[in-house]
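*Asks:* Heads up: the protein sequence lines correspond to chains H and A, in order.
Take 1 as the starting number for the first sequence in this note's numbering and just add one per residue.
Take 1 as the starting number for the second sequence in this note's numbering and just add one per residue.
Take these hints with a grain of salt, some might be off.
Distance condition first, Cα-Cα at most 30 Å in a straight line; then the derived DSBU-like pairs of lysine-lysine [to be verified]: (1) Lys119(A) <-> Lys272(H); (2) Lys321(H) <-> Lys271(H); (3) Lys451(H) <-> Lys324(A); (4) Lys441(H) <-> Lys451(H); (5) Lys86(H) <-> Lys43(A); (6) Lys271(H) <-> Lys43(A); (7) Lys89(H) <-> Lys119(A); (8) Lys43(A) <-> Lys89(H); (9) Lys119(A) <-> Lys43(A); (10) Lys324(A) <-> Lys137(H); (11) Lys431(H) <-> Lys451(H); (12) Lys119(A) <-> Lys86(H); (13) Lys43(A) <-> Lys226(A).
Reference excerpt, derived from the structure (chain H facing chain A, CB under 8 Å, subset only) [said to hold, decoys possible]: (14) Lys54; (15) Gly63; (16) Asp80.
Because the hints were derived from the structure by calculation, they are not lab data.
Every residue gets a Cβ at the ideal spot worked out from N, C-alpha and C, and that includes glycine.
Chain residues, written in single-letter form:
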Amino acid sequence: MPLSDSFFGHKFGITEHDLESYLSEALGAGGDYADLYFEYLATSSLSIDESIVKSAVQGVSLGVGVRVISGERTGYAYSDDLSPEKIRKAARVAACIASGPSKVDKTGFEEVRRRDLYPVVTAPNEASLAERVELVKRADRAARAADPRVFQVQASYLDSLRQVLVATSDGVLSTDRQPLARLGVAVLARVGNGVPQRGYSGGGGRVALDFFEMEKTPEHFAREAVRQAIVQLDAAPAPAGEMTVVLGPGWPGVLLHEAVGHGLEADFNRKKVSAFSDRIGQQVASPLCTVVDDGTIRNRRGSLNVDDEGAPTQENVLIEKGVLRGYLYDKLSSRLLGSRTTGSGRRESYQHIPMPRMTNTFMLAGDSDPEEIIRSTPRGLYCANFGGGQVDITSGNFVFSASESYLIEDGHITRAVRGAMLTGNGPEALKHVSMVGHDLKLDEGIGICGKEGQSVPVGVGIPTIKIERMTVGGTT
Amino acid sequence: MIDQELAAQTVRLALDRGATDAECTLAEGEEFSAQVRMRELEKLKDAGSRRVGLRVLIGKQVGSAHTSDLSSAGIRQMVESALALAAISTDDPHADLPDSSELGSIAGDLRLYSDDIHKFDTAARIQAAIQTEEAALSWDPRITNSEGASFSAYSGGRVFANSRGFAGSYRMSSCSLSATPVARQGDSMERDYWYSLARSYSKLESPADVGRRAAERTVRRLGARKVPTQKAPVIFDPVTARSLIGNIFEAVEGDSIYRKASFLEGKLGERVASENVTVIDDGCLPGLFGTSPFDDEGVPSRRTVVIDRGVLRSYLLNSYTARKLGMRTTGNAARGVTGNAGVGHGNFFLEKGQRPPEEMIRGIHRGLYVTELIGHGVNIVTGDYSRGAAGLWIENGEFAYPVSEITIAATLQQMLMDVEAAGSDLEFRGSVASPTLLIREMTISGQ
Numbered sequence: 001m002p003l004s005d006s007f008f009g010h011k012f013g014i015t016e017h018d019l020e021s022y023l024s025e026a027l028g029a030g031g032d033y034a035d036l037y038f039e040y041l042a043t044s045s046l047s048i049d050e051s052i053v054k055s056a057v058q059g060v061s062l063g064v065g066v067r068v069i070s071g072e073r074t075g076y077a078y079s080d081d082l083s084p085e086k087i088r089k090a091a092r093v094a095a096c097i098a099s100g101p102s103k104v105d106k107t108g109f110e111e112v113r114r115r116d117l118y119p120v121v122t123a124p125n126e127a128s129l130a131e132r133v134e135l136v137k138r139a140d141r142a143a144r145a146a147d148p149r150v151f152q153v154q155a156s157y158l159d160s161l162r163q164v165l166v167a168t169s170d171g172v173l174s175t176d177r178q179p180l181a182r183l184g185v186a187v188l189a190r191v192g193n194g195v196p197q198r199g200y201s202g203g204g205g206r207v208a209l210d211f212f213e214m215e216k217t218p219e220h221f222a223r224e225a226v227r228q229a230i231v232q233l234d235a236a237p238a239p240a241g242e243m244t245v246v247l248g249p250g251w252p253g254v255l256l257h258e259a260v261g262h263g264l265e266a267d268f269n270r271k272k273v274s275a276f277s278d279r280i281g282q283q284v285a286s287p288l289c290t291v292v293d294d295g296t297i298r299n300r301r302g303s304l305n306v307d308d309e310g311a312p313t314q315e316n317v318l319i320e321k322g323v324l325r326g327y328l329y330d331k332l333s334s335r336l337l338g339s340r341t342t343g344s345g346r347r348e349s350y351q352h353i354p355m356p357r358m359t360n361t362f363m364l365a366g367d368s369d370p371e372e373i374i375r376s377t378p379r380g381l382y383c384a385n386f387g388g389g390q391v392d393i394t395s396g397n398f399v400f401s402a403s404e405s406y407l408i409e410d411g412h413i414t415r416a417v418r419g420a421m422l423t424g425n426g427p428e429a430l431k432h433v434s435m436v437g438h439d440l441k442l443d444e445g446i447g448i449c450g451k452e453g454q455s456v457p458v459g460v461g462i463p464t465i466k467i468e469r470m471t472v473g474g475t476t
Numbered sequence: 001m002i003d004q005e006l007a008a009q010t011v012r013l014a015l016d017r018g019a020t021d022a023e024c025t026l027a028e029g030e031e032f033s034a035q036v037r038m039r040e041l042e043k044l045k046d047a048g049s050r051r052v053g054l055r056v057l058i059g060k061q062v063g064s065a066h067t068s069d070l071s072s073a074g075i076r077q078m079v080e081s082a083l084a085l086a087a088i089s090t091d092d093p094h095a096d097l098p099d100s101s102e103l104g105s106i107a108g109d110l111r112l113y114s115d116d117i118h119k120f121d122t123a124a125r126i127q128a129a130i131q132t133e134e135a136a137l138s139w140d141p142r143i144t145n146s147e148g149a150s151f152s153a154y155s156g157g158r159v160f161a162n163s164r165g166f167a168g169s170y171r172m173s174s175c176s177l178s179a180t181p182v183a184r185q186g187d188s189m190e191r192d193y194w195y196s197l198a199r200s201y202s203k204l205e206s207p208a209d210v211g212r213r214a215a216e217r218t219v220r221r222l223g224a225r226k227v228p229t230q231k232a233p234v235i236f237d238p239v240t241a242r243s244l245i246g247n248i249f250e251a252v253e254g255d256s257i258y259r260k261a262s263f264l265e266g267k268l269g270e271r272v273a274s275e276n277v278t279v280i281d282d283g284c285l286p287g288l289f290g291t292s293p294f295d296d297e298g299v300p301s302r303r304t305v306v307i308d309r310g311v312l313r314s315y316l317l318n319s320y321t322a323r324k325l326g327m328r329t330t331g332n333a334a335r336g337v338t339g340n341a342g343v344g345h346g347n348f349f350l351e352k353g354q355r356p357p358e359e360m361i362r363g364i365h366r367g368l369y370v371t372e373l374i375g376h377g378v379n380i381v382t383g384d385y386s387r388g389a390a391g392l393w394i395e396n397g398e399f400a401y402p403v404s405e406i407t408i409a410a411t412l413q414q415m416l417m418d419v420e421a422a423g424s425d426l427e428f429r430g431s432v433a434s435p436t437l438l439i440r441e442m443t444i445s446g447q
C-alpha cells in the first residue's frame, strides 16, 4: 500500500520525503540508527455496576516518538503535535545523544511485506456504541441470574484501535492497524451475611465485535466469574510448605511468563543481570518442556503483524526439550549482541522507548492424559486459575497467586482452597516438571504485562503439567 | 503554560451543546530522564505532552471523553463524544457534582513547584546519575554489575473547572535520583535499588548517599536461602510497610466500601487494629507528594484521621461514594483527566511510634525482617494476605543471614491486630509512608 493511502498519509498528509527529512534531522548530530513511531490511538470503555451503566469514556491520543541510537546510547523525544516544526524539534532533542558524523547511508524505504493476522473489517472501536453497551448489560443480567448468592456485579468492556507508522533509517517503512477488545466480569457472592468472595472472568483479542457473539459471549464470562466466586465460598485456607503442584491448562501459563519469559528478554541478558544470562545451550527445564513465544497467532491479544520497531513478529523457540535455545531481541539488543531482531521490540505508546517484550508465551503439548496426571499425585495442589505474578529476573525468584485451587488427595481433586501463592526460582522450577498433558490451551485474552513502567497486552498458555515440588505459601 | 480559560470554555461549550453539568480537567507535563549504566550514558529522554478531559451529565446520565488534540476542532469532537456517551448510559440516581458549598481550594504556598529543578543543564544531570551509580559500584567489590542509575525531572500543571463555578489550577515539580546495582558472590546474583524523590532539587539526597544505600541493600541479599515453613514474628522495613499501608488504603476507600468489597466495610467505630496503629490521610502537608490544593472534583484537600489508636474512624470518600453511603466527601476524589472520579489519597501514612528500628530488631529471638515483597496475593474483600518475600533472618536480636524464595501469609485483620510496635523512623518517599512495623506472628512458607 502506498504511504499516501495509509492512515497517516491520508489523514495527516505525511510523505516519504517528510519521513526521510525527519530521520536526517534525527541523525544530524551523528548516530547509528534513528526511527519514527507515529501512533493514533482511539479507545472506549463502558462499564456497568449495580446494573447501571455508570461509566462511558472515549479518548483519542496522537503523537510521534523519535529515537536515535548511537552505540549503546538511546536518545528519545516525542511530540503530541504532528506539525513539521514540532517533529523536527523532537528529532533535534533525540539527536543530542550522538556526536560526530552519522554512520548511516540513507537509501530510501522498503515497505515491510504485509500480512494480516487480525483481518477485522470493522474494528470494535468503529462499531455502534449501542451494540457495545449491550455486552455489559448482558453480562450483568447473566451473572445476576446465575446464582442467588451473587450480590455485586461489575462488567467492563474496553476496546482500542491503534494506527501505527514506523519509519527507520535502515529503510523499514511499515504501517499497521491494531484492533483490540476485552470484556471482563467481576462478581461478589456470599451466603447470608457471611464473608464475600470474588470471582472474575474475561477475555477478548484482536477481534471484531462478533467474537463476543460467536465465540465467547458475555454470558460465558458471567457464568465463569460466578462459578469461581461460588467455589471460593466453600474454600479452606491454603496449605503452606513444599508440595507437588499440578497446573491446569490455559491461564496458568502465566507461570512461564514469570518463571522464564522475562528472564529471556535480551536487554537483561545483554547486561548480564538475568538469572538466565550466558545459559544458552544449558538444561534449564525438564526434557518434557518446550516453550515458545509466538506473535503470529491469528486474532490473539498478544499478536502483532509487526512489532513496534517495524519488524515482523515470528515464532521464537525459547526452551526446546528443556534446553535454553534463545532470547527475545529488539533492534538495539540484536545490534549489540550481533544477533537478529526476533520481532520482540514493543512499547506502550509513542511516549515510550521500545524494549524486548513477550507476545504469546506458551508450552507445547506433551503426551500425558490430564486425568492421569492428577491420578498419579498422592498429595498436592491443583491450580486451575491464577491472578497475577511477578519475577525478580536477577535472582530468578518469582511468585504467582492462585485464584482457584484445590487439594489433591490420593489422586483425586478434593476440596477448594483459597489464598494460595506459589513461589520458585526460574532456572530451577521447570526442572521438576514430571508430566506434561496433551491439552494445550491458550488463555482467553486478558493478559497485561508490565515492565519498567510500560504495559503491553500479552497472551499465555500451557497444557496440564505436574511440578514435583514447589513452595506453596498459605497459612495452614 | 496552563490555560484556565480553555477549561472554562470547554465547560461552557458542553453546556451550550446540551449538558446539564460538566467538569473539565487539563493536564500538561514535561519529563526529562537521563539513564546511565556502567559509567556510560545509556538513555536520554526529553519531551512534553498535554491532555484535556471532559465529563458531562445530562440529567443523571454521564459520559466522558478525552483527547490530546487541543485544537478547537479536537475539543468540539471531545464534547460531542462525551454527550453521545451520556446518551447511551443509564440514569444513575447518585450521579452528580459536589455541592457548590463543598467546592474550594486551600490557601497558602503548598510548595508543590520549585524552579530549581530546571537549574541544571543536561550534562550536570547526567553527571548526577553517573555519580550515583559510581557510589554504588565502588561501595563493595561484590557489586560487579549494574542495571543503571538515573536522574529524572518532571514539571507539570493541572487545571480543573466545573459548571458549579469552580476553577482552579496548580503547578507541580519533582525530581529523582535512583540506582539499581547488581551484586555477585559465587552462584548468587542479586539486585536491589534505592532512590530519592523530591519536589525541589535542593531536597534531593546526594548521589553518594543514594548509591551507597542501593549498594548496601543489594550486597546484604547475597547468599540468600530458604527457611523452613514456620510461624514467626515479622518486621516490615519502611519500604515493605508502605505497601501494607497501601493495602489499608484500598480497604477504606469509598468504592470498595459501598460495594461491600472490603474487610473493613461496616466497621466504623470498631477496633480493627492494635492501639499502635494510627493512620492519617493528609493532603495539606507542604512539599509532599500527596499534597494538592483541591481534589480532582474541586473539593479542598484536608486531614482525615482514618484509624485512631486502633479504632476505625473514617473512610476516604469522593462526592459519589459519599452520596452512596449517606456521608460527606472527604476531599479524596482522584482521576486522570476524565471519567467518573475514583478515590485517591493525599499523604496516607501510619503515625510513627517510639521505638527505634534497631531496638525492635534486638527484641526478636527468631523472626523475619522483610525488605522486599512481590506478587499480588492480597485480597481486600476477605483480607487474605500472602506475598512473596525476601529479607534477613533474625536470630537472637541480630541479622543472621539473608532469605528469599519464601512467602509470608496471614489475614490483614489479624496483621493489624498484631502490630506490636511502629518504629520512630517515618519518612516520606512518596505519598504513602510508614515507619518500620513489627507484626507478632505470620506464617512463613519455605522448605
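*Asks:* Assess, step by step, whether the Cα of Lys324(A) is no farther than 30 Å from the Cα of Lys137(H), and give holds or violated.
*Replies:* It holds: about 21 Å lies between the C-alpha atoms, which stays within 30 Å.
*Asks:* Within 30 Å, alpha carbon to alpha carbon, are Lys451(H) and Lys324(A)?
*Replies:* The hint is violated at about 37 Å.
*Asks:* Would the hint linking Lys43(A) and Lys89(H) be met if the CA-CA limit is 30 Å?
*Replies:* 18 Å, holds
*Asks:* For the hint on Gly63(H), does the least C-beta distance to chain A fall short of 8 Å?
*Replies:* 7 Å, holds
*Asks:* Lys119(A) and Lys43(A) were given as a pair; does the straight-line alpha-carbon distance stay at or below 30 Å?
*Replies:* Answer holds: Lys119(A) to Lys43(A) is near 21 Å, not above 30 Å.
*Asks:* Decide if the proposed pair is consistent with the structure: Lys431(H) and Lys451(H), CA atoms, cutoff 30 Å inclusive.
*Replies:* Holds - the C-alpha atoms of Lys451(H) and Lys431(H) are around 26 Å apart, at most 30 Å.
*Asks:* Run the distance test for Lys441(H) versus Lys451(H): straight-line Cα separation, threshold 30 Å.
*Replies:* OK: Lys441(H) and Lys451(H) at ~25 Å, within 30 Å.
*Asks:* Please check whether Asp80(H) passes as an interface residue: C-beta within 8 Å of a C-beta belonging to chain A.
*Replies:* 5 Å, holds
*Asks:* Taking 30 Å as the top limit, are the C-alpha atoms of Lys89(H) and Lys119(A) close enough?
*Replies:* With a Cα-Cα distance of about 22 Å, the restraint between Lys89(H) and Lys119(A) holds, given a limit of 30 Å.
*Asks:* Between Lys271(H) and Lys43(A), does the CA-CA distance stay at or below 30 Å?
*Replies:* It holds: about 14 Å lies between the C-alpha atoms, which stays within 30 Å.
*Asks:* May I ask you to test the interface hint for Lys54(H) with respect to chain A, counting a Cβ-Cβ separation under 8 Å as satisfied?
*Replies:* This hint holds: Lys54(H) lies near chain A, its Cβ roughly 5 Å from the closest one there, short of 8 Å.
*Asks:* Has the given pair, Lys321(H) with Lys271(H), been kept, meaning a C-alpha gap of at most 30 Å?
*Replies:* Status holds; Cα separation ~26 Å.
Consistency with the previously given hints fails for numbers 1, 3 and 13, ordered from lowest to highest.
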